[in-house]
Amino acid sequence: AQSVTQLDSHVSVSEGTPVLLRCNYSSSYSPSLFWYVQHPNKGLQLLLKYTSAATLVKGINGFEAEFKKSETSFHLTKPSAHMSDAAEYFCVVSLSQNAGNMLTFGGGTRLMVKP
Amino acid sequence: EPEVTQTPSHQVTQMGQEVILRCVPISNHLYFYWYRQILGQKVEFLVSFYNNEISEKSEIFDDQFSVERPDGSNFTLKIRSTKLEDSAMYFCKQAASNYGYTFGSGTRLTVV
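As given, the protein sequences belong to chains A and B, one line each in that order. Note that this note's numbering gives residue 11 to position 11 of the first sequence, counting from 1, and the numbers run on in steps of one. Just add 1000 to the spot in the second sequence (first one is 1) and you have this note's numbering.
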């Protein structure tokens, strides 16, 4: 079984300040982990993915996430928020790298960026 | 990542009508999935499809739903008799054997 908990449903930051979106997972096996972003009325865009290689994963648009097995966490960070980062972010877990495995989504975190 | 095209982007239908949502396949992708996102709720897995068969489905995927890949072309999700609660964004996802997930841009279904 696998599950994902996104600890904050809403996060509000000022433009230019750091972003932290928290994610904890539960999985019986070594998971693959992802962050997806969804802008209003848009599809799901992959930000980054962890697949048992380097624990610090760099993604698009300056985002990165660190896989911490001891804490079962995969928090998403960005040093400096931009107005265009305002969106919904989903932490996602998959049992393995097998392309046949389904993804389990967290509940999402809505990021708001104030000018 | 290559883009996955879903059609239509938005569909409005009357309750009780049948709808078919389509996902245009990427040539080397073998696995197909449908996910649903009801407004304000989390994204939920519906069904996975491999080698022209359903490999896994969730509790949501009841007898009103079906999937197929007619003639090896588009991958479709059919809802036979829509209900108000079927209103949602429906996402197609495809995956290649060498591991890579690509989501479609989604179809917004509104049942009135």
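Because the hints were derived from the structure by calculation, they are not lab data. As the structure is a prediction and not an experimental result, all values here were calculated from the model. Errors might be hidden in some of the hints.
Claimed, not checked - Restraint-style ranges between C-beta atoms, simulated for each label pair:
#1 A/S84 - B/E1068: 15 to 25 Å
#2 A/A53 - B/M1015: 27 to 37 Å
#3 A/R110 - B/P1070: 31 to 41 Å
#4 B/I1054 - A/S26: 24 to 34 Å
#5 A/P115 - B/E1018: 16 to 26 Å
Unchecked claim - Computed from the model, here is a short list of chain A residues facing chain B with C-beta under 10 Å:
#6 G43
#7 T77
#8 G108
#9 M112
#10 V113
The C-beta atom is built at its ideal place from N, Cα and C for all residues, glycine as well.
Hints, one by one, checked against the model:
no. : hint                         : verdict
1   : A/S84 - B/E1068: 15 to 25 Å  : violated (39 Å)
2   : A/A53 - B/M1015: 27 to 37 Å  : violated (48 Å)
3   : A/R110 - B/P1070: 31 to 41 Å : holds (38 Å)
4   : B/I1054 - A/S26: 24 to 34 Å  : holds (26 Å)
5   : A/P115 - B/E1018: 16 to 26 Å : violated (47 Å)
6   : G43                          : holds (4 Å)
7   : T77                          : violated (22 Å)
8   : G108                         : holds (6 Å)
9   : M112                         : violated (16 Å)
10  : V113                         : violated (20 Å)
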